[in-house]
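Here is how the chains run, residue by residue.
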Amino acid sequence: MLYIDSIQNGLVIDHIQAGTSMRIYHLLKLDRLDCGVAIIKNVRSEKYGRKDIIKIEGEIDLNLDILGYLDPNITIVVIKDGNVAEKKSLTLPKTLTNVIRCNNPRCITSAEEGIDHIFSLSEKGCYRCIYCDEEFHPSRS
Amino acid sequence: MLRHLIDPLDLSKEEVISLLDLADDIKQHPENYREKARYKKLATLFYEPSTRTRLSFEAAMLNLGGSVLGFSDSSQSSATKGESIADTIRVISAYADICAMRHPKEGAPLRASHYSRIPVINAGDGGHQHPTQTLTDLMTIREREGRLSDLTIGVCGDLKFGRTVHSLIKSIIRFPNIRLVLISPEELRVPDYITEDELKAKNIPFTEVRSLDDAMAKLDILYMTRVQRERFFNEEDYVRLKNSYILTTDKLRPAKETLAVLHPLPRVNEITLAVDNDPRAAYFEQAENGVYVRMALIIFLLGL
Ligand SMILES: [Zn+2]
Chain A
3 MLYIDSIQNG LVIDHIQAGT SMRIYHLLKL DRLDCGVAII KNVRSEKYGR KDIIKIEGEI
63 DLNLDILGYL DPNITIVVIK DGNVAEKKSL TLPKTLTNVI RCNNPRCITS AEEGIDHIFS
123 LSEKGCYRCI YCDEEFHPSR S
Chain B
2 MLRHLIDPLD LSKEEVISLL DLADDIKQHP ENYREKARYK KLATLFYEPS TRTRLSFEAA
62 MLNLGGSVLG FSDSSQSSAT KGESIADTIR VISAYADICA MRHPKEGAPL RASHYSRIPV
122 INAGDGGHQH PTQTLTDLMT IREREGRLSD LTIGVCGDLK FGRTVHSLIK SIIRFPNIRL
182 VLISPEELRV PDYITEDELK AKNIPFTEVR SLDDAMAKLD ILYMTRVQRE RFFNEEDYVR
242 LKNSYILTTD KLRPAKETLA VLHPLPRVNE ITLAVDNDPR AAYFEQAENG VYVRMALIIF
302 LLGL
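Which chain is which? The protein sequence lines are A and B, in order. With my numbering as the guide, the letters of the first sequence map in order to residues 3 to 143. With my numbering as the guide, the letters of the second sequence map in order to residues 2 to 305.
No wet-lab data here; the hints were simulated from the structure. Here the structure is a predicted model, which is why all the values come from computation and not from measurement. All residues carry an ideal CB built from backbone N, CA and C; glycine is no exception.
Here are the simulated lysine-lysine pairs, DSS-like style, with alpha carbons at most 25 Å apart:
{"#": "1", "chain 1": "B", "residue 1": "LYS14", "chain 2": "B", "residue 2": "LYS203"}
{"#": "2", "chain 1": "A", "residue 1": "LYS96", "chain 2": "B", "residue 2": "LYS203"}
{"#": "3", "chain 1": "B", "residue 1": "LYS201", "chain 2": "A", "residue 2": "LYS96"}
{"#": "4", "chain 1": "B", "residue 1": "LYS201", "chain 2": "A", "residue 2": "LYS126"}
{"#": "5", "chain 1": "B", "residue 1": "LYS161", "chain 2": "A", "residue 2": "LYS126"}
{"#": "6", "chain 1": "A", "residue 1": "LYS96", "chain 2": "B", "residue 2": "LYS171"}
{"#": "7", "chain 1": "A", "residue 1": "LYS43", "chain 2": "A", "residue 2": "LYS90"}
{"#": "8", "chain 1": "A", "residue 1": "LYS31", "chain 2": "A", "residue 2": "LYS90"}
{"#": "9", "chain 1": "B", "residue 1": "LYS201", "chain 2": "B", "residue 2": "LYS219"}
{"#": "10", "chain 1": "B", "residue 1": "LYS161", "chain 2": "B", "residue 2": "LYS171"}
{"#": "11", "chain 1": "A", "residue 1": "LYS126", "chain 2": "B", "residue 2": "LYS14"}
{"#": "12", "chain 1": "B", "residue 1": "LYS28", "chain 2": "B", "residue 2": "LYS41"}
{"#": "13", "chain 1": "A", "residue 1": "LYS126", "chain 2": "B", "residue 2": "LYS171"}
{"#": "14", "chain 1": "B", "residue 1": "LYS203", "chain 2": "A", "residue 2": "LYS126"}
{"#": "15", "chain 1": "A", "residue 1": "LYS31", "chain 2": "A", "residue 2": "LYS96"}
The following residues of chain A were derived to be distant from chain B, with all beta-carbon distances above 10 Å:
{"#": "16", "residue": "ILE9"}
{"#": "17", "residue": "ARG52"}
{"#": "18", "residue": "ASP63"}
My request is simple: use the sequences and hints to build the entire structure.
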């Protein structure tokens, strides 16, 4: 299994859907971090068959909300002094800023450059563009 | 605190009622409000022409003793030179005390409100929202029926792109015992975000029907809208559908005596001229009320 004990202080992003860890690596902008990052791909998991894992060494402050949207199965393990200090499950974030894009041609975001694409979580549990109310369909983007 | 009116739900139900009370009082005693907005300026930023809405805003401000400035077509304005909404509103904030924005793109007034130092009123954004029309509709419904609850409301025509319809539905269902009858061709049904998030989620009774005749007898309010040519990709569909939802005196026969027929105007042919003489026609009253609710809204947003 994994060498979680090789991290003294940091984060383990576990149960990532196999094959998607590089996308998460880029979305979290881990390439810009000044600390050790290990990407472990396609390991066997009891729960999900195959999974990816990302381990990040060091005390960092990441906005992990985005992960709840991308892959709700992901779990976060916080490591302190070589031990598991906390396990977190993810929830769907209330808003997503520049994570997904509005595709409505009538929306102001399609007419002007430089507008943040902001979506908010509706009561029904889907994401709608705050400008035009268009629902985001993951399959169409 | 700076307030805007972008979505009809930006106003609480209580605020809507007090605005309508104020609008009723203005209608009864316009002389009491002649100087209310003296020395204040309203900017009308109309990125697409809508003469009726713009004149209604301008009349409202002039009735309050204020003045107006603005543009009414983006081809004559800085918008075509590529200035962003954010920059335009920052500049306008220095010229005027309040503004009304009409824009072909959905969400443009919301975008403006994020950068504005003056109240922004959404005067219609694409096929999305039109909150001052909604206030006008609510005022007319309350005036005719004496209440905003316990009503069966039929909305007819283009329910897909008809922004006045979306705004009205979202607002009226905050009042108790509202039943909706959605009358449209299959191609122009109310979007799912209204039926799913608003109606089903809030347990509002509604039916969707294809014919005006099926609905007529039970309605307290009939809200007619125009089926617009530009909403169709081909001429054939437009021609086939445009005449199916025309209100005639004949179709009105089974309707209640107390029915009120509303229409945001301008109409093309969706209500025949003969219906104008029927006491149930309320759409010209509605157009007049538009000025009173806009006066009330200006007073409210400027804190006068
Ligand atoms: Zn949008």
